[in-house]
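Protein chains in written order, with the working numbering: chain W, 1 to 250; chain H, 1 to 309.
Because the hints were derived from the structure by calculation, they are not lab data. Keep in mind that this is a model prediction, so the values were computed, not measured. Careful: at least some of the hints might be erroneous.
Unchecked claim - One-sided and incomplete, this derived list gives chain W residues near chain H with beta-carbon spacing under 7 Å:
(1) A34
(2) R183
(3) V185
(4) L186
(5) R188
(6) H190
What the hints assert, rightly or not - Restraint-style ranges between C-beta atoms, simulated for each label pair:
(7) H/V84 x W/Y141: 36 to 44 Å
(8) H/Q215 x W/R67: 54 to 62 Å
(9) H/A32 x W/R171: 28 to 36 Å
(10) W/D33 x H/D212: 22 to 30 Å
(11) H/A248 x W/G139: 22 to 30 Å
(12) H/Y187 x W/R171: 34 to 42 Å
(13) H/R153 x W/R171: 57 to 65 Å
Where is the CB? At the ideal position from N, CA and C, for every residue including glycine.
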Amino acid sequence: MDQASQTPPRAVYVAAAEALAGRIVCALKGAQDAFRLAEQLPADEVTGLAAVRVLGPDALAPYTVGRSSITAEDSEVVAAAFTTFPRTEPATELAGDLSFGPSVPALRDWATAGLLARLGAEHTMLDELDDSVWDEWPGAYQSWLRFSGFLTALAPLATPGLESPAHEQARRRPLDISRGVTRAVLRRDHLTAARLARWLLGAGPGPLAPKPLLRHLELIGGAQSRLQLEIALARAALTGADNEPVRGRG
Amino acid sequence: MSSDTATDWALSAQRLADGAWRWLAAHHAELALPAGVAPAALDLGRHLKPIGELALAGSIALREGATGRHAATVAAELIEFGWVQLGGGDVLRDIARERPLDTTPLECYSAFARAGRRNAELDDLLAHLATLRATRVPEHVPNRVLAVFNAERVVGLDASWDVSALAARTWLASRPEPWTADLGTLYAITHTVYHLTDWGARPSGLSAPVQDYLQAWLPAWLEVYLEAGHWDLVGELLMVDLCLSEPAYPGEAWARLGAAQYPDGMLPAEAWRDTRNPNTLVRNHHHSTIVAALAGTLAIARRLHAHRP
Numbered sequence: 001m002d003q004a005s006q007t008p009p010r011a012v013y014v015a016a017a018e019a020l021a022g023r024i025v026c027a028l029k030g031a032q033d034a035f036r037l038a039e040q041l042p043a044d045e046v047t048g049l050a051a052v053r054v055l056g057p058d059a060l061a062p063y064t065v066g067r068s069s070i071t072a073e074d075s076e077v078v079a080a081a082f083t084t085f086p087r088t089e090p091a092t093e094l095a096g097d098l099s100f101g102p103s104v105p106a107l108r109d110w111a112t113a114g115l116l117a118r119l120g121a122e123h124t125m126l127d128e129l130d131d132s133v134w135d136e137w138p139g140a141y142q143s144w145l146r147f148s149g150f151l152t153a154l155a156p157l158a159t160p161g162l163e164s165p166a167h168e169q170a171r172r173r174p175l176d177i178s179r180g181v182t183r184a185v186l187r188r189d190h191l192t193a194a195r196l197a198r199w200l201l202g203a204g205p206g207p208l209a210p211k212p213l214l215r216h217l218e219l220i221g222g223a224q225s226r227l228q229l230e231i232a233l234a235r236a237a238l239t240g241a242d243n244e245p246v247r248g249r250g
Numbered sequence: 001m002s003s004d005t006a007t008d009w010a011l012s013a014q015r016l017a018d019g020a021w022r023w024l025a026a027h028h029a030e031l032a033l034p035a036g037v038a039p040a041a042l043d044l045g046r047h048l049k050p051i052g053e054l055a056l057a058g059s060i061a062l063r064e065g066a067t068g069r070h071a072a073t074v075a076a077e078l079i080e081f082g083w084v085q086l087g088g089g090d091v092l093r094d095i096a097r098e099r100p101l102d103t104t105p106l107e108c109y110s111a112f113a114r115a116g117r118r119n120a121e122l123d124d125l126l127a128h129l130a131t132l133r134a135t136r137v138p139e140h141v142p143n144r145v146l147a148v149f150n151a152e153r154v155v156g157l158d159a160s161w162d163v164s165a166l167a168a169r170t171w172l173a174s175r176p177e178p179w180t181a182d183l184g185t186l187y188a189i190t191h192t193v194y195h196l197t198d199w200g201a202r203p204s205g206l207s208a209p210v211q212d213y214l215q216a217w218l219p220a221w222l223e224v225y226l227e228a229g230h231w232d233l234v235g236e237l238l239m240v241d242l243c244l245s246e247p248a249y250p251g252e253a254w255a256r257l258g259a260a261q262y263p264d265g266m267l268p269a270e271a272w273r274d275t276r277n278p279n280t281l282v283r284n285h286h287h288s289t290i291v292a293a294l295a296g297t298l299a300i301a302r303r304l305h306a307h308r309p
């Protein structure tokens with residue numbers, strides 16, 4: 001059997017990420033006992049690691065915004081996901097409007113590493129915390145459309161406890177994020193709307209009332225777990241974090 | 001805004017208007033009233049509305065002192081065309097006699113009145129009707145009640161509307177969650193703005209919170225409907241911007257709308273609407289092209305005389 005036929009197709013990974021998102025949503029809603037990431041994965045190890053990689057920092061949500069405590073076994077799973085699926089940059093044509101300087105995958109990994117550090121789950125992959133990933137963050141003004149496009153891709157960074165130039169700009173531009181949310185809802189792109197809403201809520205009081213928006217998305221956006229996870233995380237951002245944030249270079 | 005951007009924006013608006021007026025000059029006769037139909041038997045939406053809209057565009061262009069190559073000439077031509085179609089107002093008078101509570105004749109007449117065309121018998125009838133309790137609470141949606149209010153204001157009737165109360169009942173006044181706006185509600189918003197400001201003449205007709213609200217959300221709505229190719233609504237939303245005390249003049253939106261215009265000046269209503277059948281062409285696309293003429297003309301005028309009461 002050749003290598004290609006052993007590799008699960010992309011659809012299997014997507015389904016696994018959806019399943020893991022569903023379990024995390026349950027954990028955040030308190031429907032489960034202590035969440036063990038290592039115990040939530042499918043029998044096929046590689047598929048499980050792919051799901052962890054796809055959700056990125058959000059795979060840690062039961063520990064960062066939920067009440068579960070991370071174990072060494074759980075952080076090993078995250079590290080194994082990094083090793084099994086090393087970071088790759090999207091092809092230029094896929095990156096499209098997001099080719100704005102810093103690497104989105106690198107920023108997401110920076111966030112995963114930063115959250116692990118905050119959870120006390122030290123690991124060699126903490127090298128990723130190097131703030132140089134922020135060096136290419138654009139200083140120049142970006143249109144609201146472009147800016148909200150960046151933030152959509154970086155939604156997992158809008159987790160209480162993280163701080164970076166993106167967070168700083170998000171706090172200064174709540175109207176621009178709200179325009180992005182408005183556009184996304186009107187295009188029936190509820191996932192993007194929920195992802196952007198996470199930044200809106202971390203940014204404090206703004207032009208859009210968050211609670212009715214999130215309830216609206218919850219009720220009309222469909223049952224996909226990844227959407228419901230974004231909504232749950234947006235609600236978590238609404239309450240914010242008391243802990244000292246992990247800072248990126250500003 | 002850099003001077004280059006300002007120039008680009010103004011050029012887009014000027015080109016849009018020039019082309020639209022040229023197309024209207026060539027095609028407006030196809031919107032003539034059907035021959036041999038008694039006034040009371042006319043379909044007000046299908047037959048009368050286009051005549052009124054042509055006259056509206058013409059009357060605003062004349063009010064604004066339009067300076068384009070075609071605008072002033074075509075504007076006068078459209079008003080004259082409509083006025084002849086309406087028998088110098090007699091058609092409107094006959095409809096009003098037949099159906100005194102129908103506000104369409106008044107609304108249609110107001111565009112002609114703005115351009116100085118009057119019909120004495122219609123004036124007498126409308127003045128009388130305005131004294132009746134029966135006409136003071138039209139059973140219309142709130143933005144349409146504002147159309148009646150503004151028409152009476154333009155015609156010069158001494159009406160005692162409580163404009164604030166009328167405005168407060170509109171969807172816009174509630175400053176609704178911007179992510180709920182759909183096509184119908186956005187058209188309601190645009191018309192609330194047009195009537196309260198008399199098509200951009202008095203931005204102060206809009207309260208400060210409503211102006212802030214529109215400045216906040218117009219960019220998002222414009223983007224959605226530009227992407228969807230809904231050119232008619234894009235033109236209307238751009239015109240809303242021009243009715244504010246401080247328009248944003250979104251240059252990219254003007255350029256993208258201009259790019260949708262056909263070489264002959266027609267602005268298709270929507271990117272997907274049929275433009276090949278000559279029998280439905282004018283019927284389908286006259287409204288969006290009127291909007292293009294009106295928006296482009298108002299834009300140039302606003303650039304020349306930015307400050308308005």
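To see whether the hints hold, each was checked on the structure:
1. A34: violated, 37 Å
2. R183: holds, 5 Å
3. V185: Because about 4 Å separates W/V185 from the closest Cβ in chain H, which is inside the 7 Å limit, the hint holds.
4. L186: holds, 5 Å
5. R188: violated, 11 Å
6. H190: Check failed: Cβ of W/H190 comes no nearer than 10 Å to chain H, outside 7 Å.
7. H/V84 x W/Y141: 36 to 44 Å: violated, 54 Å
8. H/Q215 x W/R67: 54 to 62 Å: The hinted range 54 to 62 Å is violated for H/Q215 and W/R67, with Cβ atoms some 43 Å apart.
9. H/A32 x W/R171: 28 to 36 Å: Because 59 Å falls outside the window, the suggested range is violated.
10. W/D33 x H/D212: 22 to 30 Å: The hinted range 22 to 30 Å is violated for W/D33 and H/D212, with Cβ atoms some 49 Å apart.
11. H/A248 x W/G139: 22 to 30 Å: The hinted range 22 to 30 Å holds for H/A248 and W/G139, with Cβ atoms some 24 Å apart.
12. H/Y187 x W/R171: 34 to 42 Å: holds, 35 Å
13. H/R153 x W/R171: 57 to 65 Å: For H/R153 and W/R171 the Cβ distance comes to about 45 Å; the hint is violated.
When the structure is compared with the earlier hints, violations turn up for hints 1, 5, 6, 7, 8, 9, 10, 13 and for no others.
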